[in-house]
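Build out the structure end to end from the sequences listed, making use of the hints.
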Amino acid sequence: MKRSIESCSLFVLCCVLTLLVGCFPEATVEWSADGSWGLLRIPEELCVVDGTSGALTPIQTDGEVGSMPGISSDGKQITYVVASPCATLEEGLRLFPANVAEMVRRDARRLMDKVLAGDVLPTDLPLGEGSKSGVEESYHRWVVRAMCEEPNALLVTRIGRDKLEECRKCEIGCSRLIVADRAEPGRNATAAILPLTMLRPRLSPDGRWVAFLVSAPHDKEKVALIVASTDGKTDAIEVADGVALGFDWRPDGKAIAYVKQDGDPILGAVEEKVLVADTGVVPTEATNPIEDDTVCTRRSAGAAKQFAGTLFQPFMNVQYGLEGRVLFSSATATIPTTDLEEPRSSLFCYDRLTGTVTDILPSALRNQTSENVNYFCLSPDGRRLLVPLESNRFAICELGSKQVQYPLSAEEGFGDDDIPDLLPSWKGNDQITCLVPETSHFLTGADGKPPHRREIVVIDTTGHLLRVLSTDWPDAAVPEASQATD
1 MKRSIESCSL FVLCCVLTLL VGCFPEATVE WSADGSWGLL RIPEELCVVD
51 GTSGALTPIQ TDGEVGSMPG ISSDGKQITY VVASPCATLE EGLRLFPANV
101 AEMVRRDARR LMDKVLAGDV LPTDLPLGEG SKSGVEESYH RWVVRAMCEE
151 PNALLVTRIG RDKLEECRKC EIGCSRLIVA DRAEPGRNAT AAILPLTMLR
201 PRLSPDGRWV AFLVSAPHDK EKVALIVAST DGKTDAIEVA DGVALGFDWR
251 PDGKAIAYVK QDGDPILGAV EEKVLVADTG VVPTEATNPI EDDTVCTRRS
301 AGAAKQFAGT LFQPFMNVQY GLEGRVLFSS ATATIPTTDL EEPRSSLFCY
351 DRLTGTVTDI LPSALRNQTS ENVNYFCLSP DGRRLLVPLE SNRFAICELG
401 SKQVQYPLSA EEGFGDDDIP DLLPSWKGND QITCLVPETS HFLTGADGKP
451 PHRREIVVID TTGHLLRVLS TDWPDAAVPE ASQATD
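Each step along the sequence shown adds one to the number in the numbering used here, with nothing skipped, and position 390 is 390.
Hints are computed from structural coordinates only; laboratory data are not their basis.
Treat the hints with care, as some may be off.
Here are the simulated lysine to aspartate or glutamate pairs, EDC-like style, with alpha carbons at most 16 Å apart [unchecked claim]: (1) 132 - 119; (2) 254 - 206; (3) 76 - 119; (4) 222 - 292.
Label-pair restraints from in silico Cβ distances [to be verified]: (5) 128 - 467: 50 to 60 Å; (6) 206 - 413: 35 to 45 Å; (7) 76 - 156: 51 to 61 Å; (8) 156 - 83: 30 to 40 Å.
Glycine is no exception: its CB is placed at the ideal position from the N, C-alpha and C atoms.
Right, here's the structure in full:
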């Protein structure tokens, strides 16, 4: 009977989490702690933003820039991922760490064995088998190409020459994690290069490390948190697997906080892992290349501490607050539950001194949040909170206060209900950048006529306009600039 009750509860929680899962925004602007420099990412371009003049400096890349690039707190370094095609299999394999290249070849041999045994049909190739087995697509392309590069007679007979040529034409590419000088982006280093999707790189406070997320090679539903040295001279280290999108460096740069799956896909734990010991040593242990689904040869062996148990969903976020507090977003649900009870997302705080977890959203804001609360961010001084809402609106509040500011009225909301066209972000401790519609009261001129497009503006924490940041930017640099307001 107990097992039946547990199964029912897990099913209900799965339904709740399915309702709360969204997607992450394609356009972002991240600022240095003082707001003097920013990094703008839109699907077509990556630019450095001068926080004083608003001038844009495009960064030349040789591929598509990945989601959520980062800038250091002092504004001196930037980090981003570039995905680019590889012309030949061997060219690409030479770029990867030796263990990753060997993993591709090993999986290619396993795939060939499955094809010859009839477990994988020719009609499943080139990409169908990967989708069925849950393998990450970009990685599966490499495996298919490696299998067909020098096929034996049995494989040719089994799948036929036409299918063999189709597999040989399967496009392959790699992702490169770049750390660059903000003033001279051409001065850069490749911190990691992999045949997998990488995203959301974040520099450590001391600039020695960059943490980032990587899809698991054999489970596209899982993501691993990895750190690499910014100069690319040290092998990447796996911190944890099965993690959510949001993570944060501890202010001293010696540890990272994140949310990970805790023994079950729908259960999670807010955890902190020490990467650098007080002695300066980085403790690691070897991974198992056969049993572990990882691209790293080493795993962090630092002390881990769990702060709180929670429901898990892939877009949860964690951020360090004042006095060692840890803030995290989470879904909330009660068991038993009914169809009439709406699932809700909120923001919680773990207090190290008391060991307690508290819902910290003001009551006025609590019932307005959606999964967008996962993109909350604290001001650099840790005193104010920025919470994205539906329809590109957001709220500002001071921690511990019940007062909430809504710079955009409900009538000024626009775009998709769930996914912001541009995440609002802190520009220093008392300024915010955000995207507003052409009908916004921030843009209407003295003649009462709205401008022709949406704009990115800078406002203060009381909701007063300071400047229109994107006035001189081309339309391509403003997310959805040419679209009419919904």
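Going down the list of hints, with the structure as the test:
1. 132 - 119: The hint holds at about 12 Å.
2. 254 - 206: holds (9 Å)
3. 76 - 119: Violated - the C-alpha atoms of residue 119 and residue 76 are around 53 Å apart, more than 16 Å.
4. 222 - 292: Roughly 13 Å between the alpha carbons, so the hint for residue 222 and residue 292 holds.
5. 128 - 467: 50 to 60 Å: holds (52 Å)
6. 206 - 413: 35 to 45 Å: For residue 413 against residue 206, whose Cβ atoms are near 40 Å apart, the range 35 to 45 Å holds.
7. 76 - 156: 51 to 61 Å: holds (55 Å)
8. 156 - 83: 30 to 40 Å: Given a distance of about 32 Å, which is inside 30 to 40 Å, the answer is holds.
In terms of the numbered hints stated before, the structure departs from hint 3 and from no other.
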